[in-house]
Structure formats: C-alpha cells, structure tokens
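J.: The hints should help you fit chain U onto chain F, whose structure is shown.
Okay, here's what each chain looks like letter by letter:
Protein chains: 2
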Amino acid sequence: MKAAPALRRPVTGVTAAAGFSAAGVHCGIRRKRPDLALIVADRPAAAAAVFTRNRVQAAPVLESRENLAASGGLARAVVVNSGNANACTGEAGRGVARRTAEALARLLDVPREQILVASTGVIGQPLPVDRLLEGLPSAVAHLSPSGAPDAAQAILTTDTCTKEAVRRVSSPRGDYTVGGMAKGSGMIHPDMATTLAFVTTDAWLPPPLLQAALARAVDRSFNRITVDGDTSTNDMVAVLAGGASGVRMEAADGPEAQAFEAALTGVLVDLARAVARDGEGASKLITVEVTGAATEQEALQVARTVAGSPLVKTAVHGADANWGRIIAAAGRSGVEVQPERVAVHIGRVQVLAPGYVSDFSEDEARDALSGDEVLLSISLDQGPARATVWTCDLTRGYVDINASYRT
Amino acid sequence: MKAAPALRRPVTGVTAAAGFSAAGVHCGIRRKRPDLALIVADRPAAAAAVFTRNRVQAAPVLESRENLAASGGLARAVVVNSGNANACTGEAGRGVARRTAEALARLLDVPREQILVASTGVIGQPLPVDRLLEGLPSAVAHLSPSGAPDAAQAILTTDTCTKEAVRRVSSPRGDYTVGGMAKGSGMIHPDMATTLAFVTTDAWLPPPLLQAALARAVDRSFNRITVDGDTSTNDMVAVLAGGASGVRMEAADGPEAQAFEAALTGVLVDLARAVARDGEGASKLITVEVTGAATEQEALQVARTVAGSPLVKTAVHGADANWGRIIAAAGRSGVEVQPERVAVHIGRVQVLAPGYVSDFSEDEARDALSGDEVLLSISLDQGPARATVWTCDLTRGYVDINASYRT
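Protein sequence lines correspond, in order, to chains F and U. Reminder that position 310 of the first sequence reads as 310 in the working numbering, one-by-one numbering, no gaps. Reminder that position 75 of the second sequence reads as 75 in the working numbering, one-by-one numbering, no gaps.
Isolated chain F, as found in the complex:
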C-alpha cells in the first residue's frame, strides 16, 4: 500500500520529521509571491529559539520570546510572513504580532503561548495585518506533511532559492530525523533583518536541553556566516522537538544527546552555508579556514575579519590571488598575528609560505578561485586551534540589489 502522494513526507525540510505539517501561501503582503508560512506540530513540541542580539528588536521577536517563556518551552506552531519585517513599528507593530499569534491559536485551538511568530522584509513600514489575518485560514487549510517546500518558498525575500536541510540519526533507542529550512540573502552583512531558520525533529528533548544544544549549534553555524557576530532586528532560529519517533533524551551529557546535537549542528551548518552561498549578488561561496591559532576564539576572530573584508571578497570575485589583502586583514583582526609565520593557501595552491615567501603559479591560483566554491586557508603557526567561517564574494549585483531594495 502506498501513501497518497500528497501526504508523502519530503526527504528534507521542516516536514521531513514525523509529526509536523507545513504550508506556504500568498496572503497579499507581497504582490505575487508566497508570503505566509506555517509549521504546525501534531502535539505540543519542546521548543527552543535563539533571537537577534540587536538593540532594535522587531515585534515578532518580542512576541515569540514572551510566548516561549510563558509556555515553559513548548510550542505548537510557527507563523512566518515575508515582505514586511514588522520592525521599528512601535506599539502598533507589537499589537500586530500579538493578534497574529492569537488568530492562529484560535484556528488551531491551542494556547497563544504555544505560537511563535516571525517576520522578514522591509523595516519600518506598518504590516498590513488584515491581509495576514485573512490569509491564515487558507494557510491552515493547506497544512500538509508534504508542505515543507511551500513553506520554504514563502519565507524568502531577495533569496534566489529555497534552503532546506536534513539529517537522519540511527541510535540505540531508534531512528529519528532533524530537518529544517532557512531564508537569508544579505548575510554578508547581517544587519538586514533577514535571517530566519526553523528546524523540526521527531526526537524529544526537555526544553532546557534543547535550548542548550541549539545555542551551541547556532554558534557553530549561523554565527559563523556573520562578519562581526552581530545579528539584526528580526533574526531568529527556532527548533521544535515533537517526539513522534519515540526517541527521547533526558541527560545533557549522554551520547544520545551528543548525537542529536551533531545532527542539529549539521542541519544548521548546511542551512547557513546555503544562506552564505545565496548572499545578495553572490557568485561564489567562500570558506575561510584558520588553523594554527592559539585559541579557537582567536582563530574565529581572524577568520571573521578575513571573511568580512570587502577587499578579499572583491579579489575572490575577480579571481585575483591577492594574498596581500588576506594577510592585511588578518593583521588588523586584533589577534597578535605574527605575520612572518603566516601561510596562505587558495584551494590547494600555497600562495604564501612563512617568511613572506610567495612563489606560485598564477594560473593554478586563478583556477582555484574560479569555481563556485573557494577555500581560503590561513595558517598562523601559533597553536593548535582552528575555526571556519563562510561568506560569499562581493559583486556589482550586491550594489544593484541594495541600492534599490526599499523603493
């Protein structure tokens, strides 16, 4: 007996794990594209979330944070709109987020505290709440275990593609799935109110354990595609653990919990890399890998500075093996780099050896810079620690998109 196609779970995304359905519809905030997504758990799920650290926090961030605290870390649904960030909208905007949660809670017959709300889009414009509320019943009607792709589509803004990821875990206690979706395209400079990610799993963890695992996983994924560790007015990464697989974890230190955290980290790294690759105007994913640092923190600091350098990003765009810009960025990172000990590889081509020795084939280096994935490796020769950061190249497309974003 085959399941009906409409009910077949997709292999990836937010309904890859059992016990979740999703939908993505058009409610009219955006002119034509889908702009309203739902993720709904069959029963109350353990929930955890990481929010922006920006002092300017959008209304949906405040609403979701408050609900998560009031529910004791349980959630039944996430509602996301694109096209309007509902940020810098004051008390009126706060009311809009509240009314959205209330309306969805009524439709699903669940407590309002179990609703998470997220928005993405332009800052400082009133969100047309009537359209959103009118669209909610339709979105609920479209909820389906196969709805992940529609939801992944409806949360996009300037993204050029959907971003979904999945990990399947086989454990002594049984098999389970971790799947998720993200949106984000201005991630080179994450001050754009754009990064959202949602993950579901059919494993079960107590909310505090889930929160701790999420915080560490975000630190190794989404916090490594930012230039400066900053987040924006609407950033939010949330995970819902429903438990439909029957796999339950209780202890923070068990190997089971570690395997879950590894899977969660894997999903978030996949999504974060996808966001970096789809950076506005980007033509290449750049991986910056720093080794030989005294501490992981120092490795991260150097990697972030190099990855954040517009001169490095434009050089990669132009396939120019300009290692001088790489070492100059490392030198201003704040880490006590010893420049004469630094080595730099572009892909497998060593463009700089310690002692400022540079003797390489320009053709080979250009080849290593010409694919759609570029690896920059910087060895500091100061210790055992390492870190990796992802970014994209800086192109005319970035300027074109952002010189005409709002209007």
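Since the hints were made in silico from the structure, they are not lab data. A virtual CB, placed ideally from N, CA and C, is assigned to each residue, including glycine. Misleading hints may appear alongside valid ones.
Claimed, not checked - DEER-style ranges, computed between Cβ atoms:
#1 F:Arg341 x U:Ala212: 31 to 37 Å
#2 F:Glu296 x U:Asp359: 35 to 41 Å
#3 U:Glu340 x F:Ser361: 46 to 52 Å
#4 F:Asp372 x U:Arg168: 53 to 59 Å
#5 U:Arg106 x F:Glu340: 28 to 34 Å
#6 F:Gly371 x U:Ser404: 14 to 20 Å
#7 F:Arg65 x U:Ala251: 56 to 62 Å
#8 F:Gly72 x U:Ser404: 56 to 62 Å
#9 F:Arg348 x U:Asp381: 31 to 37 Å
T.: Leaving out everything else, chain U in the frame of chain F:
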C-alpha cells in the same frame, strides 16, 4: 619686484609653508604616472608621525619609525613612492627601505636618521629598488618651493584627484601656515595599505608637543573616516615643523599651541574628507553625525557602525531614504541605544521621530540624498555628546576597481 613664477609658493599643499620644497617625478615603478615624491625642509624640522596599528607593518613604516626615534624627532626629508607598498616583503623589503633612506641622505648630505620613507601600492611584490634609486637624483633636481602639486600627484594610486589643504594662522607671535597633502581611495575599508598624509608648517614646536598634537588631530580626522578604527600595512601621517616663520611654541597648554593644533586638525580633516569623498567608486561624500549620546566614545561607535554599513551606503547610493537600515546599524553598534528615542534626519528632512514616528516627503528625502554630499544625523536622546564620521556611498565602481586591482 615679482618672484619668478617657478619659485612662487602655491596657496596650498606641502610647500605652502615657508622653508619647504617638494618634487614629484616618474621613476618607473608605475608604467607612466608619476610615482616618486619628495618633501625637503631647508633645515632640520621637528617631526612627528602616526603609523598603522596593523600587525603587518610595511618596511617603510619600520624604517621611518626607527629613524624618527634615532633622530630624536627631527627630519629633513620625506621620500614617498607609489605603485608598490613594499609590504610583506620580509628582510629584502626592509633593506630596500633602508637603502632608499641612505641614498636620499647622501644626495641631501643629511643624516639618514632624518629621512622618513613611505610607500603605497600593491602588497607582497618586491619593490624595484633600482628604479627608485635611479630616480632619486632627478627628484632632488626638481625640488622647488612650488613643487607641492607635483608631489601631491606622485603619491596617488587609484585616487581620482589630488588632495591638498591649508590653514593660515595669525597669532600674537606672528603668522604661519600649515599645509598638507594626502592620498587614499580605499578608505571605506582601510585595509588597503593606502592612506598617507604629509603636513608641513613654518611654525616650530618641540617634537614631543608636535607628536601629541598630531595624535589628537589624527584621532579627529583620519581615524574618523575609518569603518572600525583599523589601519593598514602602510598607513602613515607625518608632520614637519620647520620654523621658518619665526613662530615658536614651547608649552603644551598655551593658547598658541591650541591654535596650532586647531589649524593642524583643520588641515587633516580637509584631507580626510577629501579621501572619503574620493573613496573607490564613490559618487557621494556621506557625513554621519551622531548627537545626544551619553559619551563621545559612544557617539563615535554608533557613527562608525552606521558609516560602515554597506546597506546604508548602498541605500544612499540609490537615494533611498531607508532609515530602517540606519537604525538597525545603530542597534548593532554595541551601544545601549534606546531605539524608541532615536530620531533620524537626512539633510534637513526628518525621516524618523522618536517613538518610531515616520512621516516625511519621499521627494524631499530623495532630494536630500541626491547631491554629492549627504548628511545623515542620528539623535540618540541619551546625553550631551556627539561625534562625526565621514564615508562615501558603495557603488558598482567599488567592485569593479577591486575585483581587478592587482592583476
């Protein structure tokens, strides 16, 4: 009786002050454009300099720092080449800078310790020292009190225009002049080994007093066109005080010294603004003014974050009054901004009033964004302190220039 035209001092630049001559010639480091500049004082001048804080320090920076220390703060000449930064060139590069100083010292018959050396251009390539040394006698032969414009030309790289400035001071002790020149075009992102500035004056100050005044003046000028306070492998701002005017200052706290410092600051602000305006690909000078901060440091931090935001810079480029990006940047600055108290003006148009009230004419805002100078004013309403930072818009031209700089 008129002075011969060739000897007439220009109204601005490094030979506006009496007692200095300058030259700019082509020695062959660059293909065609002038690439070798000299500034020479008639007698030993008090000298002070501020150098890059990058861990990667170019050979001329090391040479100049060492000479300035060895001479006890006296200098007779500055030699500058463009086209090659002599950075990341190891011991060989260090030898090149030393030989340059030695050769000029011999030609001028002065101690080597009284020579400052500066370079700008590509990083990590051996400087063709023979061409530089062969060009030096010609540069010396061209030295002239009217040589400032030639020198200002010879230090440029991707700059589209020369940058010169002057202040004249009338004091109870007599009149004197402070004049200078600068180069720099990648100043939006000052990790490009590009910023050099040289100032001369016919006043006299003891070297320690001159150094203190210079440090404060740089802090209020060149350190306010940087995104993050970072400097690069070759950055250098130097001032030579020759004393030909007869005006001498001895005490750090006297009104005379304050007037000198104000004039020096004025010259450096003019030069810094000129560098920001000529930022690579730039079409507009952007002044970011933060008022109502608790401390000047906090005002500066907010101003730098806003000025460094690529999303703000691209919005200004597109004449888009996207105040959401401005407040989002302020929110991630690290300062405890209270977003609901923030007001934002673009030129004279208030685009955001406290309490997230935004009601303005898009046409007026677009007009305020459409000139070649744009003022963004951010009021925090948290205290009495203020700060100003200068930057430029981010355009496709920036990408075009930097995706093909080295090759």
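J.: Work down the list of hints and note, for each, if the structure agrees.
T.: Verification of the supplied hints:
no., hint, in the structure
1, F:Arg341 x U:Ala212: 31 to 37 Å, "holds (35 Å)"
2, F:Glu296 x U:Asp359: 35 to 41 Å, "violated (49 Å)"
3, U:Glu340 x F:Ser361: 46 to 52 Å, "violated (58 Å)"
4, F:Asp372 x U:Arg168: 53 to 59 Å, "holds (58 Å)"
5, U:Arg106 x F:Glu340: 28 to 34 Å, "holds (30 Å)"
6, F:Gly371 x U:Ser404: 14 to 20 Å, "holds (19 Å)"
7, F:Arg65 x U:Ala251: 56 to 62 Å, "holds (58 Å)"
8, F:Gly72 x U:Ser404: 56 to 62 Å, "holds (57 Å)"
9, F:Arg348 x U:Asp381: 31 to 37 Å, "violated (55 Å)"
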